[in-house]
Amino acid sequence: MNKLFLTAALGLLTAAGASAQLLINGAGATFPQPIYTKWFDEYAKVDPSVRFNYQGIGSGGGQKQILAETVDFGASDGPMSDENIAKAPRTLWHIPTVAGAVVVTYNVPGNPKLKLDGPTLAAIFLGKITKWDDPAIAGQNKGVALPSQDILVVHRSDGSGTSFIFTDYLSHVSADWKSKVGTNTSVDWPVGLGGKGNAGVAGQVKQSPGALGYVELAYATQNKLPYADMKNAAGNYITPSLGSVTEALATATIPEDFRFSMVNPPGEKAYPIAGTTWLLVYAQQKDPAKGQKLVEFLRWAYSDGEKMAAALDYAPLPASVQQRALARVNSIKF
Amino acid sequence: MTALRARFMPPTMPAAKSSSLLPPVGSPWADRTFKWAALLAALTIAALIVLVGWELYAGSRLAIAKFGASFFVSSKWNPVTNQYGALPFIFGTLVSSLIALAIAVPLGVATALFLTELAPQKIRQPIITLIEMLAAVPSVIFGMWGIFVLVPWLRDHLFIWLKNTLGFLPLFQGPIYGPSMMAGGIVVAIMILPIITSISREILRSVPDLQREAAYALGATRWEVIRIAVLSYARRGLLGAAVLGLGRALGETMAVTMVIGNRPEISASLFAPGYTLASVIANEFTEATSDLYLNALFELGLVLLGVTILVNIAAQVMLKSITGGGTGKVY
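Top line first, the protein sequences correspond to chains A and B. Going from the first sequence to my numbering is simple: count from 1 and add 1202. Going from the second sequence to my numbering is simple: count from 1 and add 720.
A hint or two may mislead.
Claimed, not checked - Sample of chain B residues facing chain A (criterion: CB under 7 Å; computed from the structure): (1) G981; (2) R983; (3) S987; (4) A1008.
Hint data in this document are derived by calculation from the structure and do not stem from the laboratory. Positions of the beta carbon are idealized from the N, C-alpha and C atoms, including for glycine.
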């Protein structure tokens, strides 16, 4: 009886050992977590021998963990600063995956479609424009009844990639903002209340008459929030949409190392407040087996994965950028 | 053992000696093992607090070296220029906790009095169960209730009424947004109410009937009995309950961050938004990318630990001076 038990146990163990999967760990930004999760699920059907584990601990955490090499890849909504890149033990590459937009949501009687431009938005967030019927706003929205109410500004209280993209945009369109406040995932906001997460900002705006705040496009469409058309660098008022974000990416200047900002690009149909999210991978992978599987997954992501982005409200990369990203992936050594 | 008991409970029972609890004939090692195991457990808890404090200190060294004492008096919190100051957060933590205490202690003690002295036996247990359920509600739920129910009501009704009737006080002046220091204080008050009520109930229950009977015998009315025999006897314990409630209030994070407005500013008005130490750490920790930023957040954690310890010490000192070391017995 004992012998039978022992043989059965050994048999089980070897069977388990034979089907052991390779586990690849990643950590970082929460913005792309839904699409990455979808990619990992779908890729498990393509190649069952590898399993991915991703923890959405925030861009800051993602950058720290990849620098410490506790994970195989990191993810970040903002590009790493020069100071942080210098800490990497080997060459660390940024590879863009998908893009998203930040929209301006508001709460005025009737919630009409509003048009705003960069300098006006910056003035509102600097506290220079305080009323809804200010000439700067009324001038862009002829025929819309604006109340003579104070604007209640709502921003993010937690550090986030959404704030990074938004403050980046304001820094580009307003020299005042750039010198007084600057760009970061978390800044010293001159005016306004802080809400935690997209939900906090949206909830605050919905509850307070006269409020104005910023949220992710995906969040706004899923929750049917009103949002404004923004004037882009070419002078056109663009409605935020996935198409206008892909346009923005296509016309933005993208340097060799992919650390770029895509706000206020020159394109005719480009939406000005958009940003991409990156994967952080080492050019020379430490573990050959893991490195090979990771590269195969990334190749699949740029050929098949990108097609799934739109369904989850992410803007896929335009073809030109996909080619460049794929070229970078193909040069990863393992 | 006796000294600890005398802090909150009257020493009506004789102190038990450990040897009288054990059988006269048994293993000589059991006694010693139990003593050492208990000592180890106590030391582990003390060691944990010291370890937490040490880790916080180790993680905040950069910020301490850079800012020194100016960290405690500066109101700037700018992650872009890497300038940090803790003053608005200390102010926000203390003020919201004090508001919470001011609301929860009278309410909690009154509820406890009702449950021990005045309530008929039949409704006692349902009310106790209801209060305990309040403690079981997760703080995020309170936060959501705060955003969608409490804050609009405050903005549209209570704050306007306060401004009209008490607007001459600087506490009730200034623009009304909704999310405010007062909203934070009210939400925390609801969260610490169960702990204050249940501890106060235990304290009041431990007041011996002899005290009440003596007061009645002297011809006191119901309220006088409660005031003279019960409350003054239980003074120390009730203060202890308040201190425990305050300890919980200082650390409350999720519910507070959803209703307090998250603005690092110091203002005399209760209608103005504020920010607490726990909220800012919870909000900004995951995305803190630069080392100095992270160290500054660690230092805020150290400050929170320090504030909690200081407040507890101050409460103990206050306890000693009010009760004079005695128990407040009538006879």
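Return the status of the interface hint for R983 of chain B: holds when the least beta-carbon distance to chain A is below 7 Å, violated otherwise.
-> R983 of chain B check passes; min Cβ-Cβ to chain A is 6 Å, inside 7 Å.
Answer holds if the nearest beta-carbon of chain A is closer than 7 Å to that of A1008 of chain B; otherwise answer violated.
-> holds, 5 Å
Restraint outcome when S987 of chain B is required to lie within 7 Å of chain A by C-beta distance | Constraint on S987 of chain B not satisfied, violated at 13 Å.
Restraint outcome when G981 of chain B is required to lie within 7 Å of chain A by C-beta distance = holds, 4 Å
Of the numbered hints stated above, the single one contradicted by the structure is hint 3.
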